[in-house]
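Colleague: Going down the list, the protein sequences come from chains A and B.
The first sequence begins at 1 in our numbering and counts up one residue at a time.
The second sequence begins at 443 in our numbering and counts up one residue at a time.
The set of hints was computed from the structure by calculation and includes no laboratory data.
Heads up, the beta-carbon is just placed ideally off N, CA and C, and yes, glycines get one too.
Hints may be right or wrong, so weigh each one.
Said to hold, decoys possible - Sample of chain A residues facing chain B (criterion: CB under 7 Å; computed from the structure):
#1 Q102
#2 V105
#3 A109
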Amino acid sequence: MTQDSFTPGVVAGRLDDAAYETQFADLHPPLANHEALVAADRCYFCHDAPCITACPTDIDIPLFIRQIATGTPDAAAKTILSQNIMGGMCARVCPTETLCEQACVREAAEGKPVLIGQLQRFATDHLQSKGVHPFERAASTGKTIAVVGAGPAGLSCAHRLAMLGHDVVVHDGHPKSGGLNEYGIATYKTTGGYAQAEVDWLCQIGGITIKHGQSLGADLPLTGLQADYDAVFLGIGLGGVNALGLENADKTGVLDAVDFISDLRQAPNAIDVPIGRDVVVIGGGMTAVDAAVQAKLLGALNVTLAYRRGRDRMNASVFEQDLATSKGVRIMTHAVPITVHGNGAVREIEFEYVGDDMQGTGQTVRLAADQVLVAIGQTLQADAGPDLDGKKIAVTESGQTSLTGVWAGGDCASGGDDLTVTAVAEGRDAAMDIHATLMGDV
Amino acid sequence: MADLTTDFIGIKSPNPFWLASAPPTDKEYNVRRAFEAGWGGVVWKTLGEEGPPVVNVNGPRYGAIYGADRRLLGLNNIELITDRSLETNLEEITRVKADYPNHAVIVSIMVPCEEEAWKAILPRVEATGADGIELNFGCPHGMSERGMGAAVGQVPEYIEMVTRWCKQYYSKPVIVKLTPNITDVRKPAAAARRGGADAVSLINTINSITSVNLDTMSPEPSIDGKGTHGGYCGPAVKPIAMSMVSEIARFPETAGLPISGIGGITTWRDAAEFMTLGCGNVQVCTAAMTYGFKVVQEMISGLSDWMDEKGHTSVNDFMGQAVPNTTDWQYLNLNYIAKAKINQDDCIKCGRCFAACEDTSHQAISMSADRVFEVIDAECVACNLCVNVCPVEDCITMEQVAAGQTDPRTGRTVDPDYANWTTHPNNPSATAAE
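Assemble the whole structure, with the sequences as input and the hints as a guide.
Modeller: In structure tokens form, the structure reads like this:
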């Protein structure tokens, strides 16, 4: 090892080889059988349970936990997957602390919720590790539907449509399927190539063809899809990123956090991913935390997450904030970037402190920065298409856009949080509406 | 600190916690360690008659029922009486008693229902210096097939006959251990008393099959693919045991007969409860088999602290205190009216009370859109199911409706006077209240 955390600049291999495996290991290791039984025993099997209400996909959580407790984890998995075909990924990446586990009555009672996310993973892993796909296709309907985007929304929609007997062609611009599951989530949240394994498992339903390298645009116009298919579902995510908006930000080392996260996920070995000694992440959401934590895990000496408001306003959950600080990330609040210093490459970034009213205080601070990772939001990239609601595609509750025969869901569509689980729910619900529309069962 | 020393039918022990006749008391090594750990007495594992000892199975002897986190709630066993020679046991009993003169050493005995058999063994047991004997009329498996154990305990005439022999050929106290595998436990208890027993002990284990292996279709514990019923014990049997104890304590023919309480006693509180129902001391087995001899330390400290708190200086102060309050259903006060009350500050909104009441009881709990659960007094019969299923202790309580108030369920004014079924107008055989 020739580099370490003190090496100035942006370099790869700050840690010794073995350390990377530990650093990027599963954030929550899988529950062992007895651990799962003990955790499942804590569920009160609530009536009309608050956790179900809190789940965007309405998984019957008390039922699946009881199925685990009674020694039938595969039945539990089927309960989960019948509502949420990506229940395995959601078990890993859902911010359960703000969803089901926040709603858990034992959180109210003791501040210690039932470990719903980890139990969900226990069940889905149990089934999927056997390669079993518990759903069967209905008789063919003769209809073919185009899905654009092989992320959580698109694949959820595709699976449900395939299960209902339709044929589905999924178009995706990336070389791999999975969308943000594959490109946008911290490595330690989905280890062991799970994103691809889940896609392969999901496609076992049959009737789904995935075509890579095909993005919506000149080569794949929406009008063409509308003409060629019985229906179209758009699950195209948010392909654009918000820029820092500073005149002198065009310096080496100023990166989009989503690209950093994606490059790290796709790197065969984390040891080959260069990282600065001093890293500053700008933003307050999940992407900012994922980037900051991973910068630290790669061996950066100083990582600062700078956010323009107070911690209570951050989109990242308290759990995520605490995860960041526990890994050694410093969270700096009430700081708005005003200038990037450096000659060619970034050297420092200067902030002005602002009050809760976002008014400048006149006080500034400079932080050393070999890298600035920008995570201040993503935007829809769609030139022409359905009407927008604000910056997203306007959709009805069942996912219909302003264009006849075109549905949309996931991060690109209005309504709901930008979460994997929300995208899965929207894809599923759109599929049900497409099915009802095509089959005349409205 | 309260005085825990106990004088049970003249047998003194430093505390009321004895180890029951069972695997933990099968040999000198265990019993010495038990006394060192703090147990007040032991009932030595049952001795059989002279000659080749019984044999045990060489596969599993125990089966179990579990609660959360594999907490052992019920244990069943198919072990027989001691499988060591009579001579060995007698020698060990003699040595132990000599070394522990202040601890209670009782010898459990099971020999055939023949006078000669008892006449032969009793002098040899007496020679050990042990403080008394316990007649094993309870073992429900194996030995009962040979006409001993529960096979005797199920025939009151045999109990009386054997007890009489023992009182004739043995000079120290005789305790008769009763089987619960019988319709009315008062009958064998009365028979024991007629035979001259100094005390009864109960319950022995309950016939049980703990589980069936759904792959092999064999009951567990399984011996080469076959199972047999065993004797059930542990925390799960405590309510059954306490009911039987209370029956004997308040039955005119057996009231006042000293009782050694047995059945799922796991904590000091269990022991105290048995004693308030009329037991002079208690015997423990499963708790020791689950956690080791050390559990007695909690039992000692817990009982002592509780006695101090209540101002009891001796176990005699509270022994039998709950017996007068144990009665027949027909004497319960039907003019006592209560309603469930949900403390909204403590409620965690799980809705279990609602599900239980709505689905299986009286539809007496309402649920609002924002999950506020409230009792509908006009429907509540005070059944207590909501209290039982609520995971939060004391969140739901039963509140008495004061006399003079109107019960919204019946529209009637609550009567301050006691009235029971025997005088109720709906009772066809009611006798008019005077």
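Colleague: Hint by hint, note whether the structure agrees.
Modeller: Hints and how they fare:
Of the supplied interface hints, the one on A/Q102 is violated, with its beta-carbon coming no nearer than about 13 Å to a beta-carbon of chain B, more than 7 Å. With its C-beta approaching chain B no nearer than about 4 Å, A/V105 sits inside the 7 Å limit, and its interface hint holds. A distance limit of 7 Å between C-beta atoms decides the matter here; for A/A109 the minimum to chain B is near 4 Å, and the interface restraint holds.
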